[in-house]
Amino acid sequence: MKFKQFGSKNKAIEALASRLALFVDEFRLDRKITILVSGGNTPLLIYKELLTKYSAVDWSKCCFIMVDERYVPFESSRNNAGSCFREFVQQVKIEDFIYPDTRMPLEESTVQFSHQVKAILDRGGIDLALLGTAPDGHVASIFPNSEPVVVHDIAFACKHDSPEEFRVSLDLASINLSHEIWVMALGEEKQGICEKAKSDSFNLPVLCLDKQKTTWFCAF
Numbered sequence: 004m005k006f007k008q009f010g011s012k013n014k015a016i017e018a019l020a021s022r023l024a025l026f027v028d029e030f031r032l033d034r035k036i037t038i039l040v041s042g043g044n045t046p047l048l049i050y051k052e053l054l055t056k057y058s059a060v061d062w063s064k065c066c067f068i069m070v071d072e073r074y075v076p077f078e079s080s081r082n083n084a085g086s087c088f089r090e091f092v093q094q095v096k097i098e099d100f101i102y103p104d105t106r107m108p109l110e111e112s113t114v115q116f117s118h119q120v121k122a123i124l125d126r127g128g129i130d131l132a133l134l135g136t137a138p139d140g141h142v143a144s145i146f147p148n149s150e151p152v153v154v155h156d157i158a159f160a161c162k163h164d165s166p167e168e169f170r171v172s173l174d175l176a177s178i179n180l181s182h183e184i185w186v187m188a189l190g191e192e193k194q195g196i197c198e199k200a201k202s203d204s205f206n207l208p209v210l211c212l213d214k215q216k217t218t219w220f221c222a223f
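Residue numbers (the working numbering): 4 to 223.
A couple of the hints might just be wrong.
Straight-line Cα separation of at most 35 Å, DSBU-like style, residue types lysine-lysine; simulated pairs [claimed, not checked]:
#	residue 1	residue 2
1	96	14
2	7	56
3	121	162
Pairwise CB distance ranges (calculated) [as the list claims (entries may be wrong)]:
#	residue 1	residue 2	range
4	33	138	40 to 46 Å
5	96	205	24 to 30 Å
6	166	63	32 to 38 Å
7	63	215	27 to 33 Å
8	80	156	28 to 34 Å
9	118	58	19 to 25 Å
10	215	61	25 to 31 Å
Calculated from the structure, these hints are not laboratory results. Predicted model, so just to flag it, every value in this text is computed and none were measured. Positions of the beta carbon are idealized from the N, C-alpha and C atoms, including for glycine.
Based on the sequences and whatever the hints tell you, model everything.
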C-alpha cells in the first residue's frame, strides 16, 4: 500500500480532483474509462472541484459505476447514485452510469447489477476504484461481521442496522479486480483506520483491498 498524507481535507480534495482529471485526460485505450465510485460527502466535494476547475476534461468518455447503494428511492438524498447523477454525471454528460436499480425488488436489483458490472469486467475491466471508508473499516457495503441476504455472482445485498436498511454492493473480489484503487480517508474520525492500515495487523474489509494496487489519501 501507498499512503499520501495531506495537511487538510481541502488539500486532499484538490489533489484527488487533479489526479482524477489527469487520469481521465491521459487515458489512451480505445474504450470507455471505467471508474468505480462510492457515495458520501467526500465524492460530492470532489465533483464540485472537478466542475469548477476541470470542466474541459472530456468526462463523456467515462463509465461510472456505483460500488454500492442504499436500497432507497433514486430521488432520496440518501441514494448515492441519485446524488452522483444530479451533482456530476448529468452535468458532464456521462451516458454510461451503472448503479443498483432500487425500483426493482431487492433480489432482481442485485442480479441486474451483477450482470451489468460483470459485462464491464469481461470487456476490459475497471480502470480505477475511488472508494471511501469509515472508522469501522467497511468499504462499499462490506461491513465487519455482516452476512448477505442475497448473493448473485459478484454482487450481494445485505441489511445494515445504522439506520436499518438494505444495501446492494459489489463484493471484495470484484473490487480488487480494479487496475488501480484509491481509498479516501479524510477527517479526524478517519485517523484510526489510517493507522490500522499502516500497521497492517487488522483484518477489516478495507484492509483486504489488494495492497499492490491501493493508495490511501489521508487528511485529519
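Hint check:
1. 96 with 14: Given pair residue 96, residue 14 holds - Cα atoms ~27 Å apart, limit 35 Å.
2. 7 with 56: Given that 35 Å is the threshold and the Cα spacing comes to 22 Å, the pair holds.
3. 121 with 162: Distance of about 23 Å is within 35 Å: holds.
4. 33 with 138: 40 to 46 Å: Cβ of residue 33 to Cβ of residue 138: about 42 Å, so the range 40 to 46 Å holds.
5. 96 with 205: 24 to 30 Å: 41 Å, violated
6. 166 with 63: 32 to 38 Å: 36 Å, holds
7. 63 with 215: 27 to 33 Å: 31 Å, holds
8. 80 with 156: 28 to 34 Å: 30 Å, holds
9. 118 with 58: 19 to 25 Å: 33 Å, violated
10. 215 with 61: 25 to 31 Å: 29 Å, holds
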